[in-house]
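Participant: Whenever a hint applies, use it, and build me the whole structure from the sequences.
Line by line, the protein sequences give chains A and B.
Heads up: the first sequence is residues 155 to 669, going by this note's numbering.
Heads up: the second sequence is residues 3 to 103, going by this note's numbering.
Note that these hints are calculated values from the structure, not bench results.
From a predicted model like this one, the values you see are computed outputs, not experimental measurements.
All the given hints hold, so there is nothing to weed out.
Straight-line distance between alpha carbons at most 16 Å, and here's what the computed EDC-like set of lysine to aspartate or glutamate pairs gives:
#1 B:K29 - A:D589
#2 A:K304 - A:E262
#3 A:K551 - B:D46
#4 A:K436 - A:E466
#5 A:K630 - A:D561
#6 A:K551 - B:D48
#7 A:K586 - A:D313
#8 B:K29 - B:E10
#9 A:K430 - A:E466
#10 A:K582 - A:E619
#11 B:K29 - A:E525
#12 A:K277 - A:D213
What follows is the residue order along each chain.
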Amino acid sequence: MSGESLRRATATELRAAFQSGAATSRAVTDELFAAIEREDGVLGAWLHLRHEEARAEADRADARYATARAAGPAALNALPPLLGVPVALKDLVNLTGTPTTAGSRILEGYISPYDATIAARLKEAGAVILGKTNMDEFAMGSSTEFSAYKKTVNPWAVDRVPGGSSGGSSAAVAAFHAPLSIGTDTGGSIRQPASLTGIVGMKPTYGRVSRYGIVAFASSLDQVGPFARTAQDAALLLHAIAGADAHDATSSRSPIDAALLNLPSGDAAASAIRGKRFALPKEYFVAGMEAGVERAVRDAVAALEAAGGIVEEVSLPTTEHALATYYIVAPAEASANLARYDGIRYGASKHGGGDLLNGYLETRGRGFGPEVRRRIMLGTYALSAGYYDAYYVKAQKVRTLIARDFDRIWAAGFDAIVAPTSPQVAWKFGAKMSDPVSMYLADACTLPANMAGLPGVSIPCGLSENLPVGLQLIGKPWSEAELLSISAGYEALTATAAWRTVAPHDLTKLGGGAA
Amino acid sequence: MSDLTRAEVERVAALARLGLTSDELGKLQGDLNLILEQWAHLADVDTSSVPPSAQTIVQAMPLRDDTAEPSLPVDDALQNAPARSGDFVRVQAILSEEADG
Numbered sequence: 155m156s157g158e159s160l161r162r163a164t165a166t167e168l169r170a171a172f173q174s175g176a177a178t179s180r181a182v183t184d185e186l187f188a189a190i191e192r193e194d195g196v197l198g199a200w201l202h203l204r205h206e207e208a209r210a211e212a213d214r215a216d217a218r219y220a221t222a223r224a225a226g227p228a229a230l231n232a233l234p235p236l237l238g239v240p241v242a243l244k245d246l247v248n249l250t251g252t253p254t255t256a257g258s259r260i261l262e263g264y265i266s267p268y269d270a271t272i273a274a275r276l277k278e279a280g281a282v283i284l285g286k287t288n289m290d291e292f293a294m295g296s297s298t299e300f301s302a303y304k305k306t307v308n309p310w311a312v313d314r315v316p317g318g319s320s321g322g323s324s325a326a327v328a329a330f331h332a333p334l335s336i337g338t339d340t341g342g343s344i345r346q347p348a349s350l351t352g353i354v355g356m357k358p359t360y361g362r363v364s365r366y367g368i369v370a371f372a373s374s375l376d377q378v379g380p381f382a383r384t385a386q387d388a389a390l391l392l393h394a395i396a397g398a399d400a401h402d403a404t405s406s407r408s409p410i411d412a413a414l415l416n417l418p419s420g421d422a423a424a425s426a427i428r429g430k431r432f433a434l435p436k437e438y439f440v441a442g443m444e445a446g447v448e449r450a451v452r453d454a455v456a457a458l459e460a461a462g463g464i465v466e467e468v469s470l471p472t473t474e475h476a477l478a479t480y481y482i483v484a485p486a487e488a489s490a491n492l493a494r495y496d497g498i499r500y501g502a503s504k505h506g507g508g509d510l511l512n513g514y515l516e517t518r519g520r521g522f523g524p525e526v527r528r529r530i531m532l533g534t535y536a537l538s539a540g541y542y543d544a545y546y547v548k549a550q551k552v553r554t555l556i557a558r559d560f561d562r563i564w565a566a567g568f569d570a571i572v573a574p575t576s577p578q579v580a581w582k583f584g585a586k587m588s589d590p591v592s593m594y595l596a597d598a599c600t601l602p603a604n605m606a607g608l609p610g611v612s613i614p615c616g617l618s619e620n621l622p623v624g625l626q627l628i629g630k631p632w633s634e635a636e637l638l639s640i641s642a643g644y645e646a647l648t649a650t651a652a653w654r655t656v657a658p659h660d661l662t663k664l665g666g667g668a669a
Numbered sequence: 003m004s005d006l007t008r009a010e011v012e013r014v015a016a017l018a019r020l021g022l023t024s025d026e027l028g029k030l031q032g033d034l035n036l037i038l039e040q041w042a043h044l045a046d047v048d049t050s051s052v053p054p055s056a057q058t059i060v061q062a063m064p065l066r067d068d069t070a071e072p073s074l075p076v077d078d079a080l081q082n083a084p085a086r087s088g089d090f091v092r093v094q095a096i097l098s099e100e101a102d103g
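Facilitator: Okay, structure coming up:
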């Protein structure tokens, strides 16, 4: 393997090539850095690159493959699945010795003094960490336009947003700058950008992946998860990062499903759709949904039905309240979490002149961007004396009702909910920047799963106006392997679909140069 | 709920320790009132017999053994401090020398 084929290879293909000796991790890593160098001036996906460290990680992986090849097939198969596979991290994952900005000026200059648990696990698995990717400031946003650092474009249409908040991670995978990346999803920040850039993105069950060392936004909602170009690749990355962690009391002891390492593929995956029961919630086909998106999603549902899946329309009546509930609970938690950015222990600081209070006001007033300020204000208000019961407690009660809605679906015996991920395809830059509520509505179909803690995945299901559309699958708690198996089945069913032959822009031809 | 007044917006900004300009406060007042309008319909949801949920995925959280483990070395913990004095973070005085007590 060489050149373009190395660059476009999936993690699964890379593993096979590393095992056989058909390719080296170093060659892939060099190829990806060369692509980034040529194209990130246009794409804007990356905030920090680890040229030297990544190459050293690749060389170490290649040495382990060479030793194992000499020892025989058993030794090769014993190597961790992600050994030598390049991965990108959203810039809110602490990684020792690298900047971690969370897309905010208030963390400019901060260097992580420790590894997040998922970073330590990726190192342990032998993955090659290429660098850190752009994001909406503190993961607040749906377009990555709220990054304090740079603009990330959608590789399918460079005048359009990549989605957010994990837009750098999704754009990097969609543009073949990395086969895998890490995102976080508090209200849709993995699934929505995956949908808008035509890749696979999964939010696991709350508690499946440790949040230790991840810059916190809303702690009862945040989950870390994978981006990839296939369901199997997403499953490999999830398997590597999932599991109990003594540093995160909310991380689950629920065993990680070994099936993630070897999902069904081809005909076996397609035939596994037969007999599965899918709930189609009518409330997810919201007012304002684009006709082309609805058509692609309904076609995907029809394909599942044609393959023997049983689809029934259901009602999740609290869906209409999820948006307001989310925009009380998430800002409330954010206002508490972001109180730590005070300019005293780390990060940008405006202390020095005047008194201590003035230092706080200046540090925070100048350090946070407009969307983060809005959310801190909303959250502070919702938690303030006199409003706490009317807003925060009320939202926590409605949250109970949202969870009960989903419980009824699982009690009725459904295997998964099928729905659109985003009511629209990628929009043009600036289209929602002047109206916060219109930006919030972009997550209307994803945030109910966060409120209930459920796993969800977005997979490509077609094009509308030549832009990707995502199909969302939501499952019961801890059903990630099931959701990804169904995703693999859908991939097999549509392997020869015409829309799969359409690719993102060749960014090299658009010029650009180094980041 | 009635609209947030300018004074309330200023009070919330002070609680949140956000030092904002007059223009920024004015813009936030408009934005917050727009968003609060969206929240208003929650009042219509009947939650009279519904308990609040802080989390919806309920699981056992066993206690760990009460044993000391290595933690972040002081130098690492202080490497990002804007101002440092020995093993301490240096901050502005919160009391003046003339203050009582």
